[in-house]
Amino acid sequence: MQTLDKYLELFQKNRKQIGKDDPPFMKKLRDTAIASFRQSGFPGRKEERYRYTHLEPVFDGELSFDFQPRQIHFDDDEIFSCDVPLLDSMVVTVLNGFFHHPGKEALTRLDNGIIYGSLKEAIGQYPDLVKKFLGKNAPTSDEPFVALNTAFSQDGIFLYVPEGVRMERPIQIINLLLSDKNHMVHHRNLFVLESNAVAQVIICDHTLSPHMFLTNSVTEAYTGENADLDLLRLQNEHNNSCQVTNTWISQERHSRCQHGTITLHGGIVRNNLRINMVGEGAETSALGLFLTDKMQQVDSYTVIDHRKPQCTSNQYYKGVLDDISTGAFNGKIHVHPDAQKTEAFQTNNNILLSDTAKMYTKPRLEIYADDVKCSHGATVGQLDEEALFYLQSRGISKEEGRLMLMDAFTWDVISKIKHPSLQERITELVGKRLRGELSRCNNCAMHCQE
Amino acid sequence: MLEIKDLKVNIEDKEILKGINLSVKAGEVHAIMGPNGSGKSTLASALAGRDYFNITHGKIIYEGKDLTELTPEDRAREGIFLGFQYPVEIPGVSMVNFLRTSINSMRKYRGQDPLPAGDFLKLMREKKKIVEIDSDLTNRSVNEGFSGGEKKKNEIFQMALLEPKLAILDETDSGLDIDALRIVSNGVNKLRSPENATIIITHYQRLLDYIVPDVVHVLYKGRIVKSGDKSLAKELEEHGYEWIKQEVDANA
Ligand SMILES: Nc1ncnc2c1ncn2[C@@H]1O[C@H](COP(=O)(O)OP(=O)(O)OP(=O)(O)O)[C@@H](O)[C@H]1O
Ligand SMILES: [Mg+2]
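As they're listed, the protein sequences go chains A and B.
Reminder that position 279 of the first sequence reads as 279 in this note's numbering, one-by-one numbering, no gaps.
Reminder that position 160 of the second sequence reads as 1160 in this note's numbering, one-by-one numbering, no gaps.
Hints were generated in silico from the structure; no laboratory data involved.
Don't take each hint at face value.
Claimed, not checked - The list that follows gives simulated cross-link-like pairs (lysine-lysine, DSS-like), each with its CA atoms no further than 27 Å apart:
| no. | chain 1 | residue 1 | chain 2 | residue 2 |
| --- | --- | --- | --- | --- |
| 1 | A | K398 | B | K1108 |
| 2 | A | K432 | B | K1008 |
| 3 | B | K1018 | B | K1065 |
| 4 | A | K104 | A | K20 |
| 5 | A | K398 | B | K1226 |
| 6 | A | K28 | A | K104 |
| 7 | B | K1065 | A | K398 |
| 8 | A | K398 | B | K1230 |
| 9 | A | K16 | A | K131 |
| 10 | A | K398 | B | K1059 |
Okay, chain A solo, but in the shape it has when bound (with noise of 0.2 Å):
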């Protein structure tokens, strides 16, 4: 049977069970999603945008997959807590792709109006207000994993800011993959800041025991009027797992948006990004790092809609690749004809480490407006030879050199991710991985050997 039809069959034998408390318009986005899968089916190896990452072989696997989250004893503090100094985040775990909170509310509803917690929760308890952003902003026609996702996905977290509020902390989302055997998940976030509002959310993706999982998740977000959100994402999951991300943003007038992708482990990680700058004179950045080794395959694809005038997007992407692994950056700008006064730059470096190390690089430009500034550039190079004796000839060794010049050159990303104790964390980790060293949180009790 093919990889398709296996799917098919999936949705139509466990239709019953999946959503099983949806409202019409949950039932009607899971059918027409389920339908344009099957129209696209997996991208084939012939497709430009999947042409280095391969996913129907991994889709394929024998994977279990959850329609009700599974009874767990499981501790959040006991086994895990990632620990970033000073910061002080509300955390949310979400485990096997379902929101975990034994003992707590599914969803909470702060006084000022902040409700966050489980995504389904949220699909129950405000239908209107989750219809009115569900799938609006990651249509199910433009991205097979995305139309995959929409008919499966069960849960994730909800978060939802209204009009002038604040958040004074971020909220850290944990996503835990913890199984007895090769899983498979398929979650959803969705986030919302209403006009003037102000958020920050961390994606921190990891995996806690040495099984294959397969992820595929979807974070649709939704920055109205003048509002501010920065969102990081972690990654740090095994190399023996597969993780595909679709980010989908959508930003009103002069809203702001930072977006950042640190890839530390994974072992295939396609990161889809796509941003929609629907109002004028909104802001974007979008910054991505992966180190990579061994076998690991990183593949980063971003479009950036420039719809309106006066918007201005950066894209920063660095690549460390080591041993035989593989790297990709896919970066498209696209400044539509009512764009003008447009300001978009892009720029991927990347350094290979090894002759057999392989990054592949492809800027995309597609410019109908005549007013713009736009401007990109790539690199895929070795480290500085020159640098490198010059620290030498100091008396520094080889490989200390080595790693000064990576966490430099890291550090051009790192350095741009605004809230201070996460760029120490994050330093430290990338730091850690540049040493061969297992950069998991210090509390991780996955005590695994790769």
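Dock chain B with the ligands against the given chain A, drawing on the hints supplied.
Only chain B with the ligands this time, still in chain A's reference frame:
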């Protein structure tokens, strides 16, 4: 201290140094002059251990040890310092981190503990005075955006911090204004001692007024074709290299 015997060096397949003989004793200052492209920087790099340059023949003995067997970092730790003709900019590596790592690597080699932060800052302050280097420079990335003269001063600042036994200064005077030239020369002179030696590569006799050399060599087409005392530098300043070139080329 340093004994170079019939040293031949290739870059790729091209022979750049064609048999250099040079002997430098502790306490001495040697000046190496010579036309552009004659191989002066190649000699300096070969001493510092740049592996880009291929030693095809000859020996470099430093303090009784075969230098060619040491990595560049170990040469530095053994007391060799190269002041680069073109100091490299290293964006993202801060001067402070660079200097601290450098000093502590040297200390580790000598079996010493890392220098406590307070002592390190004190040392920096002290040495900064010698070369009158701007504090702002040490707050930046290594050489990044430094002017030509600032880069050269920074080399001498590093030399002052590391206190080498053998300093090789490759055109440290080029691009310096008159005041800076005096400051840099003072810096070098302060570090002179009966235990140390200095090799100065320069095009200008003016520097040698400040740092008086014991021996002056002329390097031409990969060979030392003339050596003499400081009056040789004066002669070159007045007459240029033409007469030497003619002498050498006639004998070839
Ligand atoms: N990296 C290199 N690749 C190829 N040739 C080189 C390289 N470095 C030096 N050379 C060549 O070697 C020769 C000697 O160069 P070197 O830099 O040692 O000269 P120099 O005496 O220091 O000159 P200057 O007075 O201009 O500094 C020159 O012909 C130069 O072109
Ligand atoms: Mg030179």
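These are the hints, each one checked on the structure:
1. For the given pair, K398/A sits about 15 Å from K1108/B by alpha-carbon distance, which is consistent with the 27 Å threshold.
2. A C-alpha spacing of about 43 Å is found between K432/A and K1008/B, which places the hinted pair above 27 Å, so the restraint is violated.
3. With a C-alpha separation of about 22 Å, the suggested pairing of K1018/B with K1065/B holds against the 27 Å cut-off.
4. Pair hint K104/A plus K20/A holds up; C-alpha atoms about 23 Å apart against a cutoff of 27 Å.
5. About 37 Å separates the Cα atoms of K398/A and K1226/B, which puts this hinted pair outside 27 Å; it is violated.
6. For the given pair, K28/A sits about 31 Å from K104/A by alpha-carbon distance, which is inconsistent with the 27 Å threshold.
7. Between K1065/B and K398/A the CA atoms are separated by roughly 21 Å; this keeps the pair inside 27 Å, and the hint holds.
8. Restraint check for K398/A and K1230/B: the C-alpha separation of about 39 Å exceeds 27 Å, so the hint is violated.
9. Taking the CA atoms of K16/A and K131/A, the gap is about 21 Å. The hint holds against a cut of 27 Å.
10. Distance restraint check for K398/A and K1059/B: the Cα-Cα separation of roughly 24 Å lies within the 27 Å cut-off, and the hinted pair is therefore satisfied.
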